[in-house]
Every structure is written in structure tokens, then in C-alpha cells.
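Novice: Assemble the whole structure, with the sequences as input and the hints as a guide.
Chains A and B, in that order, give the protein sequences.
Using the numbering used here, the letters of the first sequence map in sequence onto residues 1 to 246.
Using the numbering used here, the letters of the second sequence map in sequence onto residues 1001 to 1636.
There may be inaccurate statements among the hints.
Dumping the calculated EDC-like pairs for lysine to aspartate or glutamate here, alpha-carbon to alpha-carbon at most 20 Å [stated by the list, open to error]:
1. Lys14(A) / Asp1547(B)
2. Lys1382(B) / Glu81(A)
3. Lys150(A) / Asp1547(B)
These are calculated hints, taken from the structure and not from any lab test.
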Amino acid sequence: MSLLNLKLRVWRQKNGTSKGAFVNYDAPNISPDMSFLEMLDVVNEKLITQNQEPIAFESDCREGICGACSMVINGIPHGKERGTTACQLHMRHFKNGETIVIEPWRARAFPLIKDLVVDRTAFDRIQQAGGFVSVNTGSAPDAHAILVHKDNAEKAFDAAACIGCGACVAACKNASAMLFVGSKISQLAHLPQGDPERKRRAKAMVMQMDAEGFGSCTNTLECEAVCPKEISTRVIAELNWEFMRS
Amino acid sequence: MLNASIPEGPIADKWASYCDASKPINPANKRKYHVIVVGTGLAGASAAASLGELGFRVSTFCFQDSPRRAHSIAAQGGINAAKNYKNDGDSVHRLFYDTIKGGDFRSREANVYRLAQLSVKIIDQCVAQGVPFAREYGGLLDNRSFGGSLVSRTFYARGQTGQQLLLGAYGALNRQIAAGTVKSYPRTEMQDLVVIDGQAKGIITRDLLTGELRAHMADCVVLATGGYGPVFYLSTNAVGCNVTATYRAYKKGAFFANPCYTQIHPTCIPQSGDHQSKLTLMSESLRNDGRVWVPLKKGDARPQEQIPESERDYYLERKYPSYGNLAPRDISSRAAKQVCDEGRGVGPGGRGVYLDFSDSIKRLGQDVITARYGNLFDMYAKITGENPYQTPMRIYPAVHYTMGGLWVDYGLMSNLPGLFVLGEANFSDHGANRLGASALMQGLADGYFVLPYTVASYLNHVKPGAIKNTDAQVTGGLRETHESIVRLMSVRGKHSPDYFHRELGKIMWNDCGMARTEQSLKNALSEIPKIREAFWKDVCVPGSSQDYNPVLEKASRVADFLEFAELLCLDALERRESCGGHFREEFQTEDGEAKRDDKNFSHVAAWEYRGSGQKPTRHQEELAFENIALAQRSYK
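Specialist: What follows is the structure, encoded as C-alpha cells:
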């Protein structure tokens, strides 16, 4: 495949209190084998050598599992490839000459830090409210003392695959965090270990979610469509069920 | 000569006797002690949570925006435990034996035995936390095999075991944060260690959002900051992984042990170009069902489907018939390099070998393969644009894990009293080569089960809260950190930090990678200072140090890599033998295997910093093999 010449329109914003704007950049000679973030690395490298501040964005593992990368690409969180984080999105999916628009997650509960970087500590606080099983180190029974039906283990795993990136919030017109919260609720609701605390957990996590300023779910299902781990909105139904029971 | 303070008595009783001998601290006094934990991966998060549960006051620090993003999250294949649920003859002793042998007899017996003993408790703990391990239809836990072992002892959660274990530890940590025993400082990077009267008493940190430098004082400091793989630039590590915390502790007097023990993992996706920022691992678990091969003939450019069975060389099965495709990582990596050096490699540049699933798909059906490795196959397809169900994967070795790290005694305390080092950041358990699925085991054993006991033993002799942050060492440390940041910002040269990092990586990979020689190492030792000099003349860090500035973070880490690389190469030069991942071409058996020199090198090399521009001092800890006889490692 031949190299791509692309145009970027990138949201630049110095910090949460200043005004942001789109800035245009050229991204010439991009290899189709590059990941989206490697393409941004190339653009940034050039900016740095000109003593200009590069485009700030987050990334760490660059293999789709840490959840650090977070950007809206042409209007879609993580871009249009299904089940893919921005770091795993490769440039072979773009056309030569294309203009790519890149924006941060936009949600009141995710205050902007700089350019494409937002503050997602609200997610940590929701988990702190109850996203765990209360078991002290050393007090566990033998692992085989707890039997888990294979189907339940699989359902728990499907929900547990959440990487906490926040794409679900960014995609939702209400900036709802129901998919994120539902994934932890669902994981523990399908396991016997999670049973004793299920009511307290559902109530506490939902209350914290509301306190953080996330919106309500109106079943648009955008979250499911953009989730890089393809978590089903089944977990939202389960969250509602667990919350009603509490 | 270093003393590891290993308890007396038979190996199976050492840990119990250590625990019996340590006096508990009155619960009312525990909260007077403040413990700093740097790093929130498996080791750090599990340690912080466990200490918080015990009632200590804990502060955790991570450079990521959330503790959950630590790189443990990326571990794929699994975690070992000597549960013998498969009835295939596993035991604590067998896991101990496999790990010592896998480490090519360069690890400490007492630590490894304890690790094998504690392995069984880890699985119990994680299951109780709700970690969704793979299950069988009867509701019991499933296992699979990993390299370097003939039993099935690896517990797994699809290809995301590290993620699920870390989220378990993160949950335990969150519970303590909510309970008020742990305070979490995300986006806060350790810049220096504070040592007062020879004891670790705090850290200097930089707030990555505001640039604020701050001293945090404590009664002891725990580093769980991971490995230094990115000294090679390209590795399977996250792009943020760095050596800064451990290297700066080394400059404050902590010994750095065996830095030359680096692991090159055999199954990674080959590099596609110079733009690449990282390499992606394909879990070793794939070698359970995938067969590794290259064409028999040199320069055979035919597409793989046109190469008949008789003209394929399943070289691992040929060379190591009893372990086959499950030969340990160091051996499999070298074998791949060998066939590629012979001109039999596949793919662009001839740096690749096939990992072929067609036999397994025929035998088990695609559904079974999807259930076992679906996410790995998807990841491969995303990165390469090829479908591994139809064509074999192409793989090549890449830097993955570092066995070396700060020297610790049996209690995981460094030579600096009050400085504890856990997980990949220490050196103790894997010798010269780590077996698959053992990193998660070590991180969690250290954090959940070892540190809570050994920290308490230490703190029993420490008066809590004795040091104030007005001490001269603290103000001096803050000043030095500030000055080094100003120095980085004021170069205003022409190249990005990445530019120098890539240059360093090329030298490290070529001269100190899978094969090393005296000449290549001497070359590296003469080239590295030149890059360092160029870096300080020509690096460019735009923006402000009082602001969120990822380029500054990177520059600061690269500056440390540029010094640390020299220590790594020096250690590799002085270790005149081959062992595990450290392969010196001058020292090999007739059939090309690593040839150890037990007479002269059956020891740990622990390096002491002597000042800038001075050669560090090499200390030794002799390794005694009392329970497993030293032997030439064989996987044939």
C-alpha cells in the first residue's frame, strides 16, 4: 500500500478554563501500517522540533487494554472501526487525502485538562463507592470451594472486560455512564462472590454516578456501538434491575 | 559480600519461621505508621490494599491517570499456581524446581520456594474477589500449559488475565481508599528518594498536571514501579514504562542487581517500520496449540500454503522433542533468531517465523480456538490486517520483561533500610529467565502475602513519624529535582526526546539484545555516552514545566535510560558466561545453548553507584543451591 497524505483538524485547548479551537495540521507520508497514535506521534515529533507544543493526548499500553487513549475521531469515540481503541486503529482504514477531525471526550463529568486529555477520575470514585467484593487478604476459602456455572463465569467476564476508557460517556448524548457502571455491577451480579453486597453496591455506585454529573440513559445504545470491548447494553438492563431490587 | 538474611532451617519451613519470628504491631499503633507505595500495578495495588486492611496509613502514587492503568493490565496468558487441580503431578516443589531451572540457576532458592508456596493462596484470594477465571462445565477452574513446564498449572481469564487480576487488586485498593486508609495520588510521578541517616524516609514527587514538586515523608517506602524494558526503545511494555524510580533510588544508594538479565519474548508481532512506538505480544499460551515453523530451505519465498509439509522445519519440535513448542522463552527466542540469521525467516526483511494453528483448527475446530484465543486472534488481525485463522501468524522475538532490578533481601528490603522493592522492580525470583505466567504470580505474592509481614517486621524497630519534611535532605532533594527539570527545559535543542530514545534503542538491541559479545558490549559502552551528550546538547522540550507537559515527562525518563543503559551493558560485559536471557556468544555449548560458568558466576551482581562519571562497584551475593542440584538446563 502506498503512503497516505492526510489533513488533520485537531481540537487544541490550553486548559479547562481557556477557550479551545480547531487547528489544522498536515500529516504527510503516513504508512498504512501505523496506528492512529503513531500517526499523531509523527505530527507531534515535527511540532517538537519546531519548539511548538505537541498535541496532548493520552496513551500507555498501545495494545487496547489499559484504556488510556481517548479521542473522538471523525465524530466517533475511538473512530469508526468496531471494537477498537484509538491505539489499535490502523491508518489502512483511511483514504489518501482525507481530512480527519480529532476531538476530546466531551462530558461535564470529564473536565478537560489539555487538548485531547480529560480528567476521568469520576470513574475511579464510582468504583470506590462499591465496585469490589469486601474480602481482606488472607481470608479467602480454597478457590474450588466456590463453584461458578460456566455460563455465569462467561457472562461475568463479558462485563468485566471494560477498560474504563469512557468512550461510552463520550458517545452518549446525555453523557451517561450506565454502560461503565453496569459492567462492574453485572460482573459481580453473575458471581456468587458478589451476592452479599449486591444491594449496597448498586445503590452506592448509582448514587456516586449521579453525584459526578453523568446523565441518564435513554436507550440510544450509542455506548454499545462505540465500546472498544463491545460490552452489551445487557449490563445496563442488569444495572437497572439490580438498582430496582436495592 | 551481600547477605540476603535468609532464615535458617529446611527450605519448606523458612517462610513460616520468618512469620513466626516477626512480632505483630499493636493495631492502635499501626495507624501511626505511614507507608508510601509507588506504582499501582499488581504488586503495588495488592501491597497498598493489604497494608490498608491491616490498619497502616498508606499513600499510593502512579503516573497514570488512574491506578487501574498500570501495565500489569496488559498481561495476557495467565498466572501459575501449584494447585495440582489437574492431578498431573504438580506440587510446590515442582513449581519451585521449574522456576529455578527456568531461571537457569541464577535465582535465590529461598525466595522461589516461598513464591511457589504462596502461589496457591493467590488463586484463592483472586477468586474470592470475583476475578472471572476460566471455568469448566462443572463450575471448577480451568488450567492450561505454559512454556518451561510439563504440567498444566496456569489459571487464566481468556487472554486478559493481567487485566482481571489487576482489576481485582484495584477493587481491593478502592475499598481501602473509600475506607480512608489509603490515599491515592494519580498523575504523580516519583522524582527522587529521600534517604535520611541511611534509611528511606520519603519521596519527592512531581504533580504531572501542575508541575508542583512535593516531598512526602513516610516510615518506609515501597517501590513497585515495574521493569526497564523500554531501555531498548521498542518493547512490549507500555510507552510510559520507565526506570526512573528504581534508577534514582540506585543513585541514592540502593544496589541494582543483574541489570543484564532481560527477557526477549519469542512470540511478538514483527516490527513493520521505523514509525513503530511499541511491539505487541502474542501470548505464549498460543504455543499450546500453535506450531512454530520456517521453510527448510534458505530464501524460500513461496507463500506458506505452497510449502509442502516435508519442506517445513518445525524447529522447536525438532530440537526440543520433549518440550517442543513449549520450550522456555529464552531458548525459543534464540532459536527463532538462529533460523532467521540462517536466512530462513519469513515476512518482510526475513525477520519472522510462522506460528501456525491449522493443525489445531483441524483437530479441535475453529470454535474451540476462538474460545481459547479469540481476543489474541482479533488483536493480530487488527495490527497486521491478516486473518490468522486462514494464514499462520508471523512472529518474532521482542523485549518483554526484565528480571534484573533493585537488590532485595529475603524480606524484599533493599540494602537501604526502609526501602522495599516488589514485583518486576526487584530482581529476586526469576534468575536469568522468567517462565511464562510467573510475573503475575510474583507481583501478587509480593504484594498480598510477603510485604505485609516483612514491612511489619521492619516497622517494629522504627519510631513512627520521626522525620519532618523540613530536613536538609528533603529541601536538598527538592532543589536538585527542580534544577534537573530546569536543565531539561533550558536545552531548547532541535530533537524530540523520542529521537534520542530511538537512537539508544538501536544500540541496545544490536549490541546488547538476544546475543551479546565482548566487542558489541564495548561498542555500546562507547556509543551510549555519545548519545547522552547529544541529548543534553540538543533535546527540545517545548511548553512549561508548570503545566501538563508529556514531553517533559518523556525527556526526564529518557535521561535516566541514557545513564542506566550503560550500567546494563557493563553488567553484561562483566558477566562472562551465558545464562538464560543473557547470551554471550563466546560462551555456548556445541549445539548453541547457553553455557554457564557456575564456578565463577553463580552469584548475583549488585551494583553500587559511586557518583557521576565513576565506575560503579560490583558487589556479589553468592547463590547456594542446596535443594536443587546445579545442572545444564535441558529441554530436549
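Novice: Hints first: check each against the structure and report whether it holds.
Specialist: Tested hints:
Restraint check: the Cα-Cα separation between Lys14(A) and Asp1547(B) comes to about 9 Å, which is no more than 20 Å; the hinted pair holds. At most 20 Å may separate the alpha-carbon atoms for a hinted pair to count; Lys1382(B) and Glu81(A) meet this at roughly 10 Å. A hinted pair counts as satisfied when its Cα atoms are at most 20 Å apart, and Lys150(A) with Asp1547(B) does not qualify at roughly 49 Å.
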